[in-house]
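According to the numbering used here, the first sequence holds residues 1 to 741 in order.
To be clear, the hints were calculated from the coordinates, so they are not data collected in a lab. Treat the numbers as computed from the prediction; the structure is a model and nothing was measured. Please note that the accuracy of each hint is not assured.
Below are the SDA-like pairs computed for lysine to any residue, each with C-alpha atoms no more than 25 Å apart in a straight line [stated by the list, open to error]:
id : residue 1 : residue 2
1  : Lys377    : Asp280
2  : Lys87     : Ser75
3  : Lys567    : Glu594
4  : Lys231    : Asp280
5  : Lys252    : Ala466
6  : Lys227    : Met196
7  : Lys227    : Met470
8  : Lys379    : Arg172
9  : Lys379    : Arg676
10 : Lys642    : Asn440
11 : Lys379    : Val668
12 : Lys426    : Arg438
13 : Lys87     : Val66
14 : Lys580    : Ala558
15 : Lys377    : Thr431
16 : Lys252    : Ser396
17 : Lys377    : Ile286
18 : Lys705    : Ile385
19 : Lys397    : Val380
20 : Lys252    : Leu437
21 : Lys710    : Phe693
22 : Lys231    : Pro263
23 : Lys72     : Glu59
24 : Lys232    : Glu276
25 : Lys642    : Ser389
26 : Lys426    : Asp280
27 : Lys72     : Gly84
28 : Lys227    : Thr244
Ranges between beta-carbon positions, derived for each pair [stated by the list, open to error]:
id : residue 1 : residue 2 : range
29 : Arg233    : Asn637    : 54 to 62 Å
30 : Ser150    : Tyr78     : 12 to 20 Å
31 : Pro691    : Glu633    : 19 to 27 Å
32 : Val457    : Glu633    : 32 to 40 Å
33 : Asn261    : Lys379    : 28 to 36 Å
34 : Ser47     : Val457    : 49 to 57 Å
35 : His458    : Arg233    : 14 to 22 Å
36 : Asn261    : Ser164    : 27 to 35 Å
37 : Ser150    : Ser202    : 52 to 60 Å
Here a beta-carbon is modelled for each residue, glycine too, at the ideal position from N, C-alpha and C.
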Amino acid sequence: MSDSREKKRQKQEAEAAPKENPYLAHLPAEERLVGGAASNESHPLASFVSGATTAEQAEKAEDGIVNPFTNKPFSDRYRKILQGRRKLPVNRHRQEFLDLIHNNQVVILVGETGSGKTTQIPQYLVFDDLPAFKGRKIACTQPRRLAAMSVAQRVAEEMDVVLSQEVGYNIRFEDCTSANTMLQYMTDGMLLREAMNDPLLSRYSAIILDEAHDRTLSTDILMGLMKEIIKKRDDLKVVVMSATLDAGKFQKYFNDAPLMNVPGRTFPVEIYYTPEPESDYLEAAIFTAAQIHRTEDAGDILMFLTGEEDQDGGGTDAGGWTSQGVALAQKRIYEDAPPPKTPGGRPGRKIVVSTNIAETSLTIDGIVYVIDPGFSKQKVYNPRIRVESLLVSPISKASAQQRSGRAGRTRPGKCFRLYTENAFMKELIETTYPEILRSNLGTVVLQLKKLGIDDLVHFDFMDPPAPETMMRALELLNYLGALDDDGEMTPLGRLMADFPLDPQLAKMLIESARYGCSNEVLTIVSMLNEHRKAADEAKAQFSHPDGDHLSLLNVYHAFKSANEDQKWCFDNFLNFRALKSADNVRSQLKRLMERWDVDLLSLPFDERPKGPYYTGIRKALTAGYFMQVAHQERSNNYLTVKDNQVVRLHPSSCLDHAAEWVIYNEFVLTNQNYIRTVTEVKAEWLLEIAPAFYDLDTFPNCEGKRVLEKLIMRKKSGRSGRDEGRSDRDRKDGKDSKRRR
DNA sequence: GAGCACTGC
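The task is simple: from the sequences and hints, build the whole structure.
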C-alpha cells in the first residue's frame, strides 16, 4: 500500500467524474464533454469509438502532428522512437490483436523476448479502449518492481508524455501516477493489494498480466481472481502475456481464450550436450569456459550457477576475462568486453556468472555462448514439518530452453549443456513447478480470504496446491486467530491481511499493543523483514543476552541515535542500505497502525533490565511465533515443538545462556537443521498466550511435553509456576552450557 | 561456528 490513502481517495474521486473528455483539453468547455469529440472532427481521436478501432486509425493518430493525449506537438525524439517501434515483431500483429480483443474478453498472448509485447500491447489498448473516456485506467502488471519502473519510463517516452502523467507506475513505496494516468505499470503484488479493497478492480477497464509464465504467487492468485471478476464485469478486458510455449495451459484455464503468437527476434542457437554425465558441474563449467575462450570466436559467455558460493569459484581471471556475479556488479555486466591484451591479439571476453535471474528478468547484450550446468536453487515446502527451504535441483526443459535462448539475442550462438541429451529428454520435467506448489501458503490463504474467496477448496487455481499444504495454512491461521473454527475470517484476520507481512509477523505487531510495546515490536518486525541483510550484522556490541530479536532492536536504536549515519554503519559493520530500508518499512507499517488504530506504546525504558520492558516485548513475540518454538532437551539438543525435529541454534545467534524454551524466526535446512534468529521465552507464556496450540493432547511424547504437563499440574494445585523447568538452575552456569555445545 | 536462488505487498 502506498503513501497516503487520502491521496488515493482524491484521485479516485477525480477519476470517478468522467464528465469531461480529457483528450480534448484544448477545446471550449462544452465541446469537452464525452461525446463532444464527434463535433470536433479535427481532433485526432474524433472518429474513435472505444472497443471498435482499427490499427490503421491508431497508426494515423500516432503519425499525426499533435499528440492526442496531451494536445502538444509530437517531438522529434518521438518520431525517431516511433520508427523503431514499427519494426518490432508485435507491430505486424496490431490488427490481429484488436480483432481478438474486440471479440473476446480474455486474450492470451505469447511473445518471446524482443517481440515488444510489454511496451506495445498496452499502448494498442490505450488507443482502442480509450480508458480515460470512461474515467478508468489500463493496468499492466510485472512481477518485479524494477521492470514496472523501467518499462513505464520507456513507454512514457514512446508516447511523448511525462512519466507520472498519462503513463505512470505504482509500486510499493512509490506511487508515480496522477489523476491523468490512463496507463499504469505496477507490480502484481500491488494490484493484488488493491483488489483486497476493491474486489472488482473497478478502477480499471483493462488488465494486462505480463510475464505470466513466471507463475509467481501473486500472478497465480491474480489469474484466479480474474476468472472470478470477468464473470461479474463484462466490460473488463484481460490480456495474459507469457513468454513460454506452454500457452495451451493458459488458454484452457481461461475457458479456451484465443491465443495470439508473436515470434521474438532471435537467432539460431546450436545446442551441445556432454557425452557423459558430469560429476562436478562447477569444475565442468569452468573447463568449458576455458575451452570456449581458446577455440571460439569473439563473443561473451553467460554461465548459470546456483548461488553466490558457486560464483566465487568462477572468478578466474585470465587473458582479458572479467567475471562478475550479477548481484555484485550490476553495472559492469553492461560494459563492453576488454580489448585484446596485445595489439592484434585475441579479443577479450566477458564472462557473466549469474543465478537463474538471468533466465528471464535480465537481458545482457553481446552474449553468444551459454554454459548451462542444469541446476538452480529452488524453494521447496515440506508441509509435514512446516518448513520452507532452498534446494539445489535440476532445472526444467523450459528453463533450459530459456537459458539457451540467451545465446541468440544479438547473433547466432551456442549453448553448452553440462548434461547428456538423454538426461534432458528423459529426466528433466517439462516446466518448473509454479511457486504456489512449493510454498508455505499462510499468506496466500489469508489474502484469498481477504479477497472474499470463501470456498478455498473449490477456488480455481491453475495448479491446485497439495491439500496437506492447504490444511497447514488453515491450521496456522486458525491458531493465530485469523480464521475461526469454521474457516471464516475474524476481525483480527481482516486486520492482519491489511499489513504487508507474514501472518505471524502481522499477528505479533497487532498484539504488541496489548503488551504495551508496539513501538518496539514495530521495529523488530521491520528489521526481521530485512533479516537477510540486517540480522546477521548484529555484532557483539548490540547483542542482547536474551535473544536475537532484542539485538535487532538494539541495532535499530543505535542506528537512529547515530542519525542514520552511513560512516557510522561502516565503522560498526552494519549494512547501511538494509537499515534504511528497514526504516522505510517501519514508516509504512507505522502509518498502517495509525490508520487502523493500533496503539503505539512503549513500556518504561529506564527500568531495564529487571522491569517489564523486555518481558513485554518477548511476550508479544510469543504471540506471533508460538508455533515456532524449540525446547532444549537434557541432551542439549533442541527439539521443535510438535514436529520433534532435532535442531541446533544457528552459530550467529547471540543467545548467551542455556535457554530451555526459544522462539525462532527461521528454520534453516542445510547439512544440519538450524534455527536462526531466536529469543528465549517462558513455558508459562506459551500456555497462557496460545492455549489452543499448547493443548497437550495434540502433542507427541517428548521432554517438552512432560515439562509443560508438570507446569500445568503445579498451576492446578495453586502453586506459582514461576520456577518451572530447570531454567533457573541452568542460568547460573549459562556460559558453560553455551561452551559445551 | 555457518553460509544466503529470486521476487513482492
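Evaluation of the provided hints:
no., hint, verdict
1, Lys377 / Asp280, "holds (16 Å)"
2, Lys87 / Ser75, "holds (19 Å)"
3, Lys567 / Glu594, "violated (33 Å)"
4, Lys231 / Asp280, "violated (53 Å)"
5, Lys252 / Ala466, "holds (21 Å)"
6, Lys227 / Met196, "holds (16 Å)"
7, Lys227 / Met470, "holds (21 Å)"
8, Lys379 / Arg172, "holds (24 Å)"
9, Lys379 / Arg676, "holds (18 Å)"
10, Lys642 / Asn440, "holds (18 Å)"
11, Lys379 / Val668, "holds (12 Å)"
12, Lys426 / Arg438, "holds (23 Å)"
13, Lys87 / Val66, "holds (22 Å)"
14, Lys580 / Ala558, "holds (13 Å)"
15, Lys377 / Thr431, "holds (15 Å)"
16, Lys252 / Ser396, "holds (22 Å)"
17, Lys377 / Ile286, "holds (19 Å)"
18, Lys705 / Ile385, "holds (18 Å)"
19, Lys397 / Val380, "holds (19 Å)"
20, Lys252 / Leu437, "holds (19 Å)"
21, Lys710 / Phe693, "holds (17 Å)"
22, Lys231 / Pro263, "violated (31 Å)"
23, Lys72 / Glu59, "holds (17 Å)"
24, Lys232 / Glu276, "violated (56 Å)"
25, Lys642 / Ser389, "holds (19 Å)"
26, Lys426 / Asp280, "holds (21 Å)"
27, Lys72 / Gly84, "holds (22 Å)"
28, Lys227 / Thr244, "holds (21 Å)"
29, Arg233 / Asn637: 54 to 62 Å, "holds (56 Å)"
30, Ser150 / Tyr78: 12 to 20 Å, "holds (19 Å)"
31, Pro691 / Glu633: 19 to 27 Å, "holds (24 Å)"
32, Val457 / Glu633: 32 to 40 Å, "holds (39 Å)"
33, Asn261 / Lys379: 28 to 36 Å, "holds (31 Å)"
34, Ser47 / Val457: 49 to 57 Å, "holds (51 Å)"
35, His458 / Arg233: 14 to 22 Å, "holds (21 Å)"
36, Asn261 / Ser164: 27 to 35 Å, "holds (34 Å)"
37, Ser150 / Ser202: 52 to 60 Å, "violated (28 Å)"
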